[in-house]
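These protein sequence lines are chains A and B, in that order.
Its first residue numbered 122, the first sequence is counted upward by one per residue in the working numbering.
Its first residue numbered 122, the second sequence is counted upward by one per residue in the working numbering.
Since the hints were derived computationally from the structure, they do not count as laboratory data.
Incorrect hints may appear among the rest.
Because identical chains cannot be distinguished in the list, a pair is counted as satisfied if it fits within a single copy or across any two copies.
[Claimed, not checked] In silico DSSO-like cross-links for lysine-lysine, where the CA-CA straight-line distance does not exceed 30 Å:
hint, residue 1, residue 2
1, Lys207, Lys358
2, Lys166, Lys197
3, Lys366, Lys229
Predicted model, so just to flag it, every value in this text is computed and none were measured.
Protein chains: 2
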Amino acid sequence: MTGTGSAERILAILDVFTEDHLEWTTEELMARLGYSRPTLYRYLKALREAGFLTSLPGAGFTLGPRVVELDYLLRKSDPLVSTGQKHLEALIDAYPCSALLVRWYGAKLLCVASESSTPNPLSSYARGRAMPLARGAISRAIMAWLPRRQLEPLILANLDEMKQMGLGSTLDEVLEAMRLVRRAGAAVAHGEVTPGVIGTAAPVFDAGQSPIAAVTVTIAGREVTPETLNSIERDVKTRAAAITKALAERRVEARESAGDFAPIEFELERKSS
Amino acid sequence: MTGTGSAERILAILDVFTEDHLEWTTEELMARLGYSRPTLYRYLKALREAGFLTSLPGAGFTLGPRVVELDYLLRKSDPLVSTGQKHLEALIDAYPCSALLVRWYGAKLLCVASESSTPNPLSSYARGRAMPLARGAISRAIMAWLPRRQLEPLILANLDEMKQMGLGSTLDEVLEAMRLVRRAGAAVAHGEVTPGVIGTAAPVFDAGQSPIAAVTVTIAGREVTPETLNSIERDVKTRAAAITKALAERRVEARESAGDFAPIEFELERKSS
DNA sequence: TTAGAATTCTCATAAAAAGAGATTCTTGGC
DNA sequence: GCCAAGAATCTCTTTTTATGAGAATTCTAA
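Kindly generate the complete structure, drawing on both the sequences and the hints.
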């Protein structure tokens, strides 16, 4: 569990680059990480040659171009983003809101695409922004459809915060709340993440079974009627279902053209009897 | 020179994820990289726990959330991007064009911000897109201001392509062409990257000395008069200079408030779960 | 539940990181 | 353009630690 391999130690270097401290000198890194000078330089060299770090002219290191390239790759090739984009645009055209596509990464909710038709809140919902695990419609739109094995430990780990959200004070109560979300087909949250902002989210499924993402609309609570809210919920559900469907179709296409793939040969060693 | 350390071997895994092949099964990776099964799984585990890879439910791996997060970090904290954004917007408001901010990474030109007021070419100039080193206004707007030590090997390595661009057929001729660009304060290229598209680029400097980026405007050649072109060139130069100045001021501010930096203490190693 | 596959474990072997200090390469100052 | 101060790399031995064959385990899907 505890990573003491050099792999972990190299990747750990990237963890010290944070919003507050994005430039590091070698001295600072030595002090922070406790690596000896030659070792640190070896690691830094590897990371720099791979493009993950760039040495600044003055003296120091910062994140490098590979990061930007990899994100471009992901952005351009992620079927979720490419099929979802138009649906986000349709949503922001219909309401004065922000529309997000948030991916479930097994331990993290990360915004992977966002559009907005209101001026201010855009920047706080940019791509790459991590979302809270225990609060908000997004979280529940994913969690409610998780298999029990995955769901239970998650709830137990975040029970305190969920209690505050009024989801219930025991595992069973929260499970019941999740059941209601599942029945409704979407999750709605009033000001759980940002005060005064209503979030509505519906899940996107991968192979029809496990949720991989959520389509979300956030809108200012004071300028929305219950009817509009219903309409939003309907639209969000429709859009999410459409993305799920598009993903499934894409999968089929990919499989059909997979004839190019070299067949995998089983090379079991069978001992002659 | 070719890295055979485990650091390089781990980072090499990320290199096989390309636009054409973004999902890899363990079998494919073993065949492609030649690692033994346990070793590969160890590496994959490290990369997955760091978030650089995600295992897909079906069977396979793809790039993970850390990539998106790191890019967000870079985007949000890169002073070049944050000070340059408004200038790009001003440029696209003034002309029907695409405006880019392209960063020089020592061996690579990478678009780090882009805005566009024309519908079609937007997607081809997205953030993360690598730009050619030997062609186009962007390249020259950087190269012309590089110190000779860095410039010469670059020219020699790309002489053939530069010959085709009409920059000269010998080192000295290309150096002379660079001198002209330096005198003009900006580089202009007619259809060197995309046929029919005129690019105009001016350099952004870091500490007043070495170029770190270029502001670029690309515009369709047929719908632009020589006067407009002059105007664009003037604006691009002005904007680039403004960004350089803003960066310098930022630097001063950072230095003045550097007393806030907490002294770095030894911290117990903690691993994220 | 039970095959079947995917992932992790065990452990002896051997490779390759680590570290101290010397050495070379860069930078900035004059 | 030269020199000094600092940054980055190299040398080389010790010891750590990664490696890989095969076995054991866990996961997944029927």
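Against the structure, the hints:
Taking the closest pair of Cα atoms, lysine 207 and lysine 358 come within 30 Å of each other only inside a single copy of the chain (15 Å); across copies the shortest separation is 36 Å, beyond that limit. For the homomeric pair lysine 166 and lysine 197, the shortest alpha-carbon distances inside one copy (29 Å) and between copies (25 Å) are both at most 30 Å. Only within a single protomer do lysine 366 and lysine 229 lie at most 30 Å apart by alpha-carbon distance; the minimum there is 24 Å, versus 39 Å between protomers.
The structure is consistent with each of the numbered hints, conforming to all of them.
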